[in-house]
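**Student:** Listed below are the residues making up each chain.
Protein chains: 2
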Amino acid sequence: MRDAADTKRRLLAAATEEFAERGIAGARVDRIADAAGCNKAMLYKYFTNKDSLFDTVFGESVGKFVLEVPVDTDDLPGYAGKLFDRYEEQPETLRLAVWHRLERPDGKWVTEIVLANEIRLHDLQRAQDEGRLSKHYTPMELLVLIQSISTAWATTNSELGVRTTLSREQRRGLVVDAVRRLIAEQ
Amino acid sequence: MRDAADTKRRLLAAATEEFAERGIAGARVDRIADAAGCNKAMLYKYFTNKDSLFDTVFGESVGKFVLEVPVDTDDLPGYAGKLFDRYEEQPETLRLAVWHRLERPDGKWVTEIVLANEIRLHDLQRAQDEGRLSKHYTPMELLVLIQSISTAWATTNSELGVRTTLSREQRRGLVVDAVRRLIAEQ
DNA sequence: GTTTGTCAACCAACCAGTTAGTTGCTACCG
DNA sequence: CGGTAGCAACTAACTGGTTGGTTGACAAAC
Chain A
1 MRDAADTKRR LLAAATEEFA ERGIAGARVD RIADAAGCNK AMLYKYFTNK
51 DSLFDTVFGE SVGKFVLEVP VDTDDLPGYA GKLFDRYEEQ PETLRLAVWH
101 RLERPDGKWV TEIVLANEIR LHDLQRAQDE GRLSKHYTPM ELLVLIQSIS
151 TAWATTNSEL GVRTTLSREQ RRGLVVDAVR RLIAEQ
Chain B
1 MRDAADTKRR LLAAATEEFA ERGIAGARVD RIADAAGCNK AMLYKYFTNK
51 DSLFDTVFGE SVGKFVLEVP VDTDDLPGYA GKLFDRYEEQ PETLRLAVWH
101 RLERPDGKWV TEIVLANEIR LHDLQRAQDE GRLSKHYTPM ELLVLIQSIS
151 TAWATTNSEL GVRTTLSREQ RRGLVVDAVR RLIAEQ
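So the sequence lines, in the order shown, correspond to chains A and B. If you read the first sequence in my numbering, its first letter stands for residue 1, the second for the next number, and so on. If you read the second sequence in my numbering, its first letter stands for residue 1, the second for the next number, and so on.
Please keep in mind that the hints were generated in silico from the structure rather than gathered at the bench. Owing to the predicted nature of the structure, the values given are computational and were not obtained by experimental measurement. Hints may contain errors.
As the list claims (entries may be wrong) - Listed below are several chain A residues computed to face chain B (Cβ distance under 7 Å; list not exhaustive):
#1 E21
#2 A25
#3 G26
#4 Q90
#5 T93
#6 A97
#7 R101
#8 V144
#9 L145
#10 A152
#11 T156
#12 E159
#13 L174
#14 V176
#15 A178
#16 R181
Stated by the list, open to error - Which stretches of chain B does chain A cover? Using the computed rule of at least three CB atoms under 8 Å from a CB of chain A, they are:
#17 23-31
#18 100-107
#19 145-157
#20 165-175
Don't be surprised by glycine CBs; every beta carbon is placed ideally from N, CA and C.
Take these sequences, add in the hints, and give me the full structure.
**Tutor:** Printed below as a string of structure tokens:
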């Protein structure tokens, strides 16, 4: 019954859900503890406070993400499609990232993101040097474009009435096709 | 000295800043009243509660936005550039929209958005019918793509270390060029 | 018996929303 | 013109409930 590691894991899972849903200011510490089936004191023992709990949750979320969706420099449209799939299946990742950007603008940079990004930039650069990838955009420009296009549907305000009229497969198709067009030679 | 309309305007201005900065859950009603230089009770007289104050702020922000940035179906890259400019110069608009999407997912639809969107879709459709615009993407797909590309830089998490390394003009150039590529024939 | 995990109860600060009372403007009356 | 009644604009202080964070007592494992 007594399992510190498991308690910690349950707290993290509950916190992930709560933060993804409501953000930092909207999240309630009591609700997280309740959902984890344990006491608030545990939360403050394992994570020093609300903000640092969020940071842990976000770091963990990003860590999983970069492991699970590696960039394929020889198939950027396919990469964009995989990003799209991941955001569709686990929207918490994206929501946490948006909350992070809005609510912790000067929070410590998550090293997982910085490192993963440097590797991606380097890989793209090499693909361009070796002639496997169009040089029309710089590696950084490519990353920004692919990122924004793969999250296009998720970040569109619902007023466009868009979510309902197109199937997931159609929306995915647009993402893949748009990236294909961007990196096409000429 | 006693000017109801002006008090209301000051409250709206203060609320816009506070909500854009901190979102709904993070905003403080006292802070808004203080910044507006008036009493909290005034806020509750003119706007019934915090949520409806946010709705008013957001509706007003969107209303101004759609008036100031009309779509030009014959120059979509230029339209994307204007969107980019507007988001650079008045980031509150975009921030409010993101807070809205995160914190009021089932709030009432802002009619300004719905209407403006219908008009845009219709205009794009006609441009395609008259052969002035590529039919590769549907009007709705075009809107979603243009929207996401023009906000690409603003919605990229700072971990990419991107904001500092490229000038505003360079970032704008990318947005315009990407849209140009997407709607190019062939 | 000592360390470690757990919890109920507690606290001070905070926060959205209310109320009872005051102030300044103005339209009407003499 | 001078006085004043009425009303909208405004305010200070309060309320009931919530929130992040703490603590001291107890229980289980070793």
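**Student:** All the hints need checking, so say for each whether the structure fits it.
**Tutor:** Results of checking the hints against the structure:
The interface hint given for E21 of chain A is broken, as the beta carbon of that residue sits about 9 Å from the closest beta carbon of chain B, more than 7 Å. Proximity of A25 of chain A to chain B holds as hinted, the smallest CB-CB distance being about 4 Å (cut-off 7 Å). With 7 Å as the threshold, the beta carbon of G26 of chain A comes within range of chain B, its nearest partner Cβ sitting at about 4 Å, so the hint holds. Evaluation of the Q90 of chain A hint against chain B yields a violated restraint, the C-beta minimum of about 16 Å exceeding 7 Å.
Checking T93 of chain A against chain B: minimum C-beta separation of about 12 Å lies over 7 Å; hint violated. Here the hint on A97 of chain A is kept, as its CB sits about 6 Å from the closest CB of chain B, short of 7 Å. For R101 of chain A, the interface hint holds, the least distance from its beta-carbon to any beta-carbon of chain B being 5 Å, beneath 7 Å. Restraint check, V144 of chain A versus chain B: the minimum CB separation of about 5 Å is within 7 Å; hint holds.
Given hint, L145 of chain A at the interface with chain B, holds; its Cβ is 6 Å from that chain's nearest Cβ, closer than 7 Å. The beta carbon of A152 of chain A is positioned within 7 Å of a beta carbon in chain B (closest approach about 4 Å), and the interface hint is therefore held. The beta carbon of T156 of chain A comes within 5 Å of a beta carbon in chain B, closer than 7 Å, and the hint placing it at the interface holds. Of the supplied interface hints, the one on E159 of chain A holds, with its beta-carbon coming within about 4 Å of a beta-carbon of chain B, less than 7 Å.
Nearest Cβ of chain B to the Cβ of L174 of chain A: about 5 Å, under the 7 Å cut. The hint holds. The criterion of a C-beta within 7 Å of any C-beta in chain B is not met by V176 of chain A, whose closest approach is roughly 12 Å, and the hint is violated. For the restraint placing A178 of chain A at the interface with chain B, the shortest Cβ-Cβ distance is roughly 6 Å, inside the 7 Å limit, so the hint holds. For R181 of chain A, the shortest C-beta to C-beta distance to chain B is roughly 6 Å, which falls under 7 Å, so the interface hint holds.
With a threshold of 8 Å between beta carbons, the proposed coverage of the segment 23-31 of chain B by chain A holds, since 4 of its residues qualify and at least three are required. Residue count for the segment 100-107 of chain B with a Cβ under 8 Å from a Cβ of chain A: 5. That meets the three needed, and the coverage hint holds. Counting residues of the segment 145-157 of chain B whose CB lies closer than 8 Å to any CB of chain A gives 10, which reaches the minimum of 3, so the coverage claim holds. Counting residues of the segment 165-175 of chain B whose CB lies closer than 8 Å to any CB of chain A gives 3, which reaches the minimum of 3, so the coverage claim holds.
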